[in-house]
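S.K.: Each chain, written out:
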Amino acid sequence: MKITFNINGEPRSIDTDGEAPLLWVIRDGLNLKGTKYGCGKAACGACTIHVDGMQVRSCSYPAKFAEGKEITTIEGLSQGDNLHPVQQAWIDEVVPQCGYCQPGFMMATAALLKEIPNPTDEDIDNNIINVCRCATYYRMRKAIHKAAALAKQNPSE
Amino acid sequence: MNTKKTLYALFLGICLSSLILWSSDDPTASPSAEPPTETKETPFDLMMQVLTHQRCVNCHPAGDRPRKGDDSHITRALGIPRGNDGHGLQSISCGTCHTTENNDYSGVPGAPDWALAPESMTWEGKTRVEIAEQMMDPQRNGGKSPQEIMKHLTEHELVLWAWEPGIDAEGLPREKPPVSKKDFITAVKEWIASGAIIPEA
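Heads up: the protein sequence lines correspond to chains A and B, in order. Sequential numbering of the first sequence, starting at -18, is according to my numbering. Sequential numbering of the second sequence, starting at 3, is according to my numbering.
The shape of chain B in the complex, shown without the other chains (with noise of 0.2 Å):
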């Protein structure tokens, strides 16, 4: 049993010592091995999540149809074109099925003014930067100065509505967007006042 032991000793005494070598032989094996480096996301990061997140992307489609749930697809259902002014067509419109506000017996969403965005604010399948450029764009935005694209992006309840999505036809809550209504509005806002410069590409 004496000699059972040792040599269980000694081949752990082994072990640990070839672990110690190797770790000190290479310096980047240990995720201590160098201080983590800190990351601070800026005011455009910030919005930038929140403007390419899902809840904003499906209601600015490339095309002409709206886009339905956390995987963005289409349905027939939800095949209504945007019409002339993104409210839908002459007899069947957005408000043919949504109302100013969730509605949880459906699965419904809904807020004031639920529409796409024009032709114009497409966003699927654009860059970050070619987002920025086209939001503050007066000729593409529809006119609006900065301060009024920081209104719509900080006080409109529809783009608002983003952080109260509600809940979807099965009953389980739509996601949100990854930043928080509260952070995403101080990055608007220092963004646009801090001139709404956009990074180069």
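Next up, chain A with everything else stripped away, as it sits in the complex (with noise of 0.2 Å):
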């Protein structure tokens, strides 16, 4: 079926079995690699992006439900070369270590930021329960942090 939408800003329209994954259409149909498989069942959160501005496990969720829909990736978090707060702490609190997971954690963390502007240390681990297999927990919650005060200097972000 033809399956119509926004992705990143942009329209695009693509032939696929609605009821596969969105998160291969993003991937495979689409070429855009910064979403990533990591359980398939809607566990970890490395394939998580935003549907209409909530986040989705992608890996879980039919391309039909798509139509219509405005999607944004991790390609589209940044806003040309200004980099999303996010971006930006987690580059200055060098959070990856293998960094599979980390799209899935920023836009995790972009979708808490958005809901709650300062969040507490109850917010991150009730809101953020994507899974690092490198255990980087702990210089994520400061990155949350630190994304939460560069938000507030650059409120247009």
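These aren't lab readings, by the way, just hints derived from the structure by calculation. All of these numbers come straight from a predicted model, not from anything done at the bench. Mixed in with the good hints there might be a few duds.
What the hints assert, rightly or not - So, partial list: chain A residues that the calculated Cβ filter (under 8 Å) puts toward chain B: (1) P2; (2) G21; (3) S41; (4) Y42; (5) P43; (6) E96; (7) P98.
Claimed, not checked - Counterexamples of contact, computed for chain B against chain A with all Cβ distances above 10 Å: (8) E43; (9) R69; (10) C99; (11) Q149; (12) P179.
Even glycine gets a Cβ: it sits at the ideal position worked out from N, Cα and C.
Both chains come to you apart, so use the hints to assemble them.
M.R.: Laid out in structure tokens, this is it:
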């Protein structure tokens, strides 16, 4: 079936099996490789993207549901050359180790900051439940607080 | 050879006689000694077999987090608290992983309005009578009348999902309640039509 949506601000149409996970449409159909396959059962969060501003696990999101939606992947988180505060904080705090799961964490964090601009540690523990096998959680917590501070300095972002 | 045959026949005869005598002495030994008693399950029994099944209880948990699977376990991935409205938290909600239908690729179940039941409708750890009392109490059931409860139990897509639970992440079908959907709906309607009488504990 033909599915039309906006992804990272650009209109796209693609012919695909409507039941296929949106993850594979994004990675293989649109060649956007930043979104990762982790567990394939919506448990780890490596495939987290935003659909109409809400975070979803794209490995468990049928492509047909993307019809007419606004989709954002890690490639679209920044505005041109201006990094999103979450991306800047991730660099500043040297968060990644292997890095595989980090796009998913950054998308989850961006969604968190939109709802809770100044999250407490408890907010972070409750809302960021992705899985990192390198266990970079401590650095991520620092980066999330830093991203919140950066976003306050540059509220337009 | 003839002597052996004779002895063998004699031995068999003794065994058979002993068995007959033993059987006639003990009338309870044979299952056919007493006719089976017919037991008829009431509409309440049938309804409760479903409501206490894990397909229902997993989303009526004690505590704040959903249960998962036929063994009703909790995982970190499902560690999302119910939040204010049963749909999760501000940035991560049931809809982060669940859609309006089962997903055979990921094994993630789905149905319209996927959510946890309100805390006032906790069923886990409660008896059948306690569940029924709670379900019919407007103070705890969201102000629902018996007719509205009947509609919820017999028509709501999330409730009826229990009979179409799909497959898990291993591709294995989830267990369905032990009563058919048709019999459950009939039982609920009969129970409520006859006054929703809750048997004594």
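S.K.: Hints first: check each against the structure and report whether it holds.
M.R.: A quick look at each hint next to the structure:
{"no.": "1", "hint": "P2", "verdict": "holds (5 Å)"}
{"no.": "2", "hint": "G21", "verdict": "holds (6 Å)"}
{"no.": "3", "hint": "S41", "verdict": "holds (4 Å)"}
{"no.": "4", "hint": "Y42", "verdict": "holds (7 Å)"}
{"no.": "5", "hint": "P43", "verdict": "holds (7 Å)"}
{"no.": "6", "hint": "E96", "verdict": "holds (4 Å)"}
{"no.": "7", "hint": "P98", "verdict": "violated (11 Å)"}
{"no.": "8", "hint": "E43", "verdict": "holds (37 Å)"}
{"no.": "9", "hint": "R69", "verdict": "holds (15 Å)"}
{"no.": "10", "hint": "C99", "verdict": "violated (4 Å)"}
{"no.": "11", "hint": "Q149", "verdict": "holds (34 Å)"}
{"no.": "12", "hint": "P179", "verdict": "holds (24 Å)"}
In this structure, the hints that do not hold are numbers 7, 10, in rising order.
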